[in-house]
Amino acid sequence: MNFLGIYYYWVFAILLMVGFYAVIAKLNLIKKLIGLSLFQAAVFLLYITVGKVEGGTAPIFASAAGERLFSNPLPQVLILTAIVVGISTTALGLGIIVRIKEEYGTIEEQEIQEIDRQ
Amino acid sequence: MTIVFGVFLLTLMLVTAIAIVRTQNLFVAVMLSGIFSLLLASNFFLLDAADVALTEAAVGAGISTVLYLSALALSAQHEHAPYSSHRLIALAVVSFTTLAVIYATFDQPRVGDPAAPVHQHVAPWYLEMTRDAIDIPNVVTAVLGSFRGYDTLGEVFVVFTAGIGVLFLLDKPGARHSQTQTVGQVRLRHYLIPRLVGRMLIPFILLFGLYVQFHGEYGPGGGFQAGALVAASIILYALLEGETRALRALPRRLLTLLIASGALLYCGVGVAGILLGGNFLDYSVLADDPVKGQQLGIILIEAGVGITVTGVLLSIFHAFAARGRF
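Sequences listed follow chains A and B, in order.
Residue numbers for the first sequence follow our numbering, so the first one is 1 and each next one is one higher.
Residue numbers for the second sequence follow our numbering, so the first one is 119 and each next one is one higher.
It should be emphasised that the hints constitute simulated quantities derived from the structure, not laboratory data.
It should be emphasised that the depicted structure is a prediction, and the values quoted were computed from it without experimental measurement.
The reader is advised that the hints may include incorrect statements.
Reference excerpt, derived from the structure (chain A facing chain B, CB under 8 Å, subset only) [said to hold, decoys possible]: (1) Y7; (2) V43; (3) L74; (4) I112.
Note that the Cβ used here is the ideal one computed from N, Cα and C, for glycine as well.
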């Protein structure tokens with residue numbers, strides 16, 4: 001658990017920055033949005049990792065077993081709703097991208113800026 | 119054994135993420151992000167978060183892939199210029215930040231440590247109070263529906279607002295007239311295997327969605343997951359049989375009604391609490407026995423969440439799908 005635990009944190013750090021890199025270095029708007037989702041997924045992973053208790057199980061009371069150790073339910077609640085909110089906001093972003101494509105004929109950031117300058 | 123699985127899944131996730139960023143084909147990137155979501159869901163499952171894993175699998179791997187694909191069909195398949203001119207600066211910033219965050223992780227409490235600060239504050243109270251005051255097995259549902267009911271109400275309204283926003287952006291009045299002319303071509307009817315397999319799967323996905331909705335108090339599940347699953351089954355039906363038939367089964371007016379009525383049901387339960395002499399979203403007063411009242415309240419608000427999420431996701435899908443033909 002010890003190495004795996006620290007590895008979870010590292011994967012969080014790398015995923016976070018891979019997503020952020022796509023947001024700042026890529027020019028395609030859809031690619032930026034996918035990068036943002038990766039960033040978001042990294043945050044989800046961190047919350048769920050933090051809520052894990054060693055030797056615990058999912059926080060659902062089973063009738064047969066007596067006293068058991070449960071993982072922390074609170075981060076799970078926060079992330080569960082965040083996932084659905086995330087897809088809704090992503091859909092809104094995609095809607096804006098589709099409208100940009102219809103107005104400008106492109107979804108590349110540099111080409112949009114050139115059209116704006118004219 | 120868990121450690122091997124964990125390391126394997128995490129490494130696969132990293133590889134997939136880097137491949138998503140590197141590829142210039144947007145279709146490939148979207149497909150890879152579906153795989154990424156499935157890997158993430160498996161990781162959630164390893165970390166004891168069954169509810170979250172179910173949500174991520176239904177939403178991330180299912181619905182979001184379909185939405186991205188319909189957006190790709192309306193915009194572009196390839197990136198033109200892959201990187202901005204500030205690529206090296208970006209790379210330097212990102213590498214430095216990664217190293218800084220990794221350095222910071224050495225100060226974090228060990229993963230799974232029961233003495234970590236996050237497990238000390240309110241979590242034990244939730245576990246104890248769920249047993250005493252609400253008496254349903256799934257603590258996640260209890261916290262979501264009752265203890266943090268305000269929070270969930272807010273999330274439902276964010277989903278509601280996003281759905282309305284997409285409808286405002288993409289729902290052109292002019293687009294509706296020409297809909298009926300070309301719609302017959304957009305379907306998978308002529309492909310035998312997808313049609314047969316899909317037809318067999320749809321009733322079961324729908325049934326599973328209803329099970330997840332109404333069994334959410336006892337096992338992993340609840341309104342958010344069920345909404346995504348029901349929406350996924352109807353999107354599958356629309357892909358197989360053409361959008362017209364899906365719209366005939368569930369017209370857009372009905373979907374808009376669903377969006378509003380789910381949110382209203384949630385608020386109505388809260389207001390009913392006030393009228394019966396309690397606080398807003400206090401379910402204890404809904405029945406004679408406070409514990410029964412809590413259970414009733416959770417069932418009602420979960421139904422509201424499920425209805426709104428189904429309505430919003432389907433409306434968003436239809437808004438994208440209708441956009442292509444005018």
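Cross-check of the supplied hints:
no., hint, in the structure
1, Y7, "holds (6 Å)"
2, V43, "violated (11 Å)"
3, L74, "holds (5 Å)"
4, I112, "violated (11 Å)"
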